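Enquirer: The lines below spell out each chain.
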Amino acid sequence: MQNLIELKDLKREFVITKGWIKRKKEIVKAVDGISFEVKKGEIFGLLGQNGAGKTTIIKMLITLLAPSSGTCKVLGYNTYGEEKEFRDKINFIFGGEMGVYKRLSARDNLKYFANLYYMDEAKANKQIDKLLELVDLKNKADVLVETFSKGMVQRLQIARGLINDPEIIFMDEPTIGLDPLGAKILRNIIRKLKTDGKTIMLTTHYLYEADELCDRIAIINNGHLVALGTPQELRNIISGMNTIEIVLEKVTNETIDVIEKLESVRSVEKADTDKGIKLIIKYLEDADISGNILNSLSGLKILSFNQKELTLEDVYIKLVEASR
Amino acid sequence: MKRFINQAWLSFKIRYAAISFEEFLLLESLYPLITLAFYCILAAYSFNTNNLAKWVVGNSFLLCTNICIFALGSAFDEERYTGRIRSIIISPVSKLLIVLEKGFFPAIISVITVFFGFMIGSLIFNVDFTSINLWLFLFVIIVGMFSMTGFSLFLSSFGLITDSMHFILNLVANILIIFSGANFPITQLPQTLQVISKIIPLTRSIESANMLFGGYDTYKFVWLLLEEMLVGIIFYVISYFVIKIAEKTAKKNATLELF
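Protein sequences appear in the order of chains A and B. Note that our numbering has the first sequence beginning at 913, numbered continuously upward. Note that our numbering has the second sequence beginning at 4, numbered continuously upward.
Some hints could be false.
[Claimed, not checked] Listed next, the in silico DSS-like pairs over lysine-lysine satisfying Cα-Cα at most 25 angstroms (straight line): (1) B:Lys16 <-> A:Lys1050; (2) A:Lys1042 <-> B:Lys5; (3) A:Lys923 <-> B:Lys255; (4) B:Lys5 <-> A:Lys1035; (5) A:Lys996 <-> B:Lys16; (6) B:Lys251 <-> A:Lys941; (7) A:Lys937 <-> B:Lys255; (8) B:Lys5 <-> A:Lys1038; (9) A:Lys1038 <-> B:Lys251; (10) B:Lys255 <-> A:Lys941; (11) B:Lys255 <-> A:Lys936; (12) A:Lys923 <-> B:Lys247; (13) A:Lys1001 <-> B:Lys5; (14) B:Lys16 <-> A:Lys1052; (15) A:Lys985 <-> B:Lys247; (16) A:Lys996 <-> B:Lys255; (17) A:Lys1001 <-> B:Lys255; (18) B:Lys247 <-> A:Lys996; (19) A:Lys930 <-> B:Lys5; (20) B:Lys16 <-> A:Lys1014; (21) B:Lys251 <-> A:Lys1001; (22) A:Lys920 <-> B:Lys5; (23) A:Lys920 <-> B:Lys16; (24) B:Lys251 <-> A:Lys985; (25) A:Lys1042 <-> A:Lys941; (26) A:Lys937 <-> B:Lys251; (27) A:Lys1001 <-> B:Lys247; (28) A:Lys996 <-> B:Lys251; (29) A:Lys985 <-> B:Lys255; (30) A:Lys923 <-> B:Lys5; (31) B:Lys16 <-> A:Lys1062; (32) A:Lys1230 <-> A:Lys1190; (33) B:Lys5 <-> A:Lys1014; (34) A:Lys1035 <-> B:Lys16; (35) A:Lys1052 <-> A:Lys1038; (36) A:Lys1038 <-> A:Lys1050; (37) A:Lys1173 <-> A:Lys1190.
Read the hints as simulated data drawn from the structure, not as lab findings. Being a predicted model, the structure only gives us computed values, none of them experimental.
Build the full structure now, drawing on both the sequences and the hints.
Expert: Okay, here's the thing in structure tokens:
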């Protein structure tokens, strides 16, 4: 499949000046040698902590920022120097309330942004109606944005980001500030865009969202690429361990020893909680040990039993901590 | 053209939608008139004269600074502060066009403000304008505003790379007050500082407007207006390149979203 986005040893440094009279310059490496490609039609997730370099990468891709070095290409063109060649084919959706004209109505906002793409008036009006319906703002189309709730502004941002029917959409924490319904609308929009053949790059702190939507995910930390793969491939990286959490009224050390000696069990941790004594049992992913564990707990009062599969969040935390 | 007018109208709405029509009228008439009155009264006492035609003319031209300098000059600056600059920068639209669209209606308002500022100022300070050709006077204003718009475009480009636009715009507004000849005769300025008067807009349109009050040399009058237009054209051309350079610099120095 064709690569629409190509990053090769991409670096971006920021020079920060400190002091008023005696000035000191400090160089911050926000992105430090990142390489990956995004294929046509893919939803590509970019995960990382605050300050990891996600937004800087997106800003370089949408032509807001020049790379310090390395290759940063969109649709085969350099994002700095050749941006004219592809500007009409990309757009972005950033989280937060900034970026729209609050003294204009939703419709006028979209008219203004459509004009930035030299859109034909009839085509623009059709697209505006379609988008207002998509983001559920049709009945508020002619109301001033300053009266909108945070979620409504964010939905307008989504419509703005789709105004030119872009081939590639960059989304930086698009669900931030959205209520559950708004977030669901956006996730459905993302799925629809994918079926329409659009390519999406998404950053988010909600890992379940990335797990649910993304075809491939890159985890970055301190400007470096930590891992790259499908959500399942990332799970496989950390050795395929599952967890069972059991809360008991009381438990003896002998019982814990018995569980520890069970085949496939790799560790048992004991913790006192308000509800009782919690055992956290880690075991190999493919093993079925719940029956054996319950047998070894016979006669004890079980308050709760929770079998947890490895989540993307577990993977993310492990990988980010390991990269520090 | 229709797209340009639509976009200009939306830009105008963005700027003025928050205020009522009455507030708009007061903002665009009362405030400039009080400024004009201040300088005319100052001139009357400083130069001990009752003939205030020069100051009424000069300061009525300076009424446009409120709109041209501060509204157009801060075009990019405002977009940066509200996070909307991202949408503008990544879109294919010409950035020069953005400022022109933002300045279109304000420039028309400037012409009206200057014209009515002059009329009302004349009535207050007993300046006889019945003997002058008002259509010609209006034409001089339009030429002056053309030149000022070019100058404001040039200023606006700095909004992409610096967050000190308030300082720059206030400085420029005061430079115009001192060096345009509206309040002080240019010939009384030191020789080196007279260069500033020659490169800024309004100097020649103020001089040509003043010429309408006496017998004037048509050749010199036309020449001054041509020079004023040339100053405007030069600023438009410079702005075209400076905005491109400023955009590139802003991307390199990451100043687009620094505030």
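Enquirer: For lysine 1052 of chain A and lysine 1038 of chain A, compute the direct alpha-carbon distance and say whether it is at most 25 angstroms.
Expert: At roughly 17 angstroms apart (the allowed maximum being 25 angstroms), lysine 1038 of chain A and lysine 1052 of chain A satisfy the hint.
Enquirer: Keeping to a limit of 25 angstroms between CA atoms, is the pair of lysine 255 of chain B and lysine 941 of chain A held or broken?
Expert: Satisfied, since the Cα-Cα distance of roughly 14 angstroms is no more than 25 angstroms.
Enquirer: Is the straight-line distance between the alpha-carbon of lysine 247 of chain B and that of lysine 996 of chain A 25 angstroms or less?
Expert: Measuring from Cα to Cα gives roughly 12 angstroms; hence the hint holds.
Enquirer: Hinted pair, alpha-carbon criterion (25 angstroms max): lysine 937 of chain A, lysine 255 of chain B. Please report holds or violated.
Expert: 16 angstroms, holds
Enquirer: Are the Cα positions of lysine 1038 of chain A and lysine 251 of chain B separated by 25 angstroms at most?
Expert: 34 angstroms, violated
Enquirer: Is lysine 251 of chain B within 25 angstroms of lysine 1001 of chain A, Cα to Cα?
Expert: It holds: about 21 angstroms lies between the C-alpha atoms, which stays within 25 angstroms.
Enquirer: For the pair supplied as a hint, lysine 930 of chain A and lysine 5 of chain B, confirm whether the alpha-carbon distance does not exceed 25 angstroms.
Expert: The given pair, whose Cα atoms are some 49 angstroms apart, is violated under the 25 angstroms limit.
Enquirer: Check the hint pairing lysine 1230 of chain A with lysine 1190 of chain A against an upper bound of 25 angstroms on the C-alpha distance.
Expert: 22 angstroms, holds
Enquirer: Take a quick look at whether lysine 255 of chain B and lysine 936 of chain A sit within 25 angstroms of each other, Cα to Cα.
Expert: Given pair lysine 255 of chain B, lysine 936 of chain A holds - Cα atoms ~20 angstroms apart, limit 25 angstroms.
Enquirer: Do the alpha carbons of lysine 16 of chain B and lysine 1052 of chain A lie within 25 angstroms of each other, as the hint requires?
Expert: 18 angstroms, holds
Enquirer: Taken at face value, is the distance from the CA of lysine 251 of chain B to the CA of lysine 996 of chain A at most 25 angstroms?
Expert: Status holds; Cα separation ~13 angstroms.
Enquirer: Does lysine 1042 of chain A pair with lysine 941 of chain A here, judged by a C-alpha cut-off of 25 angstroms?
Expert: 42 angstroms, violated
In this structure, the earlier hints numbered 5, 9, 19, 22, 23, 25, 30 are contradicted, and the remaining ones agree with it.
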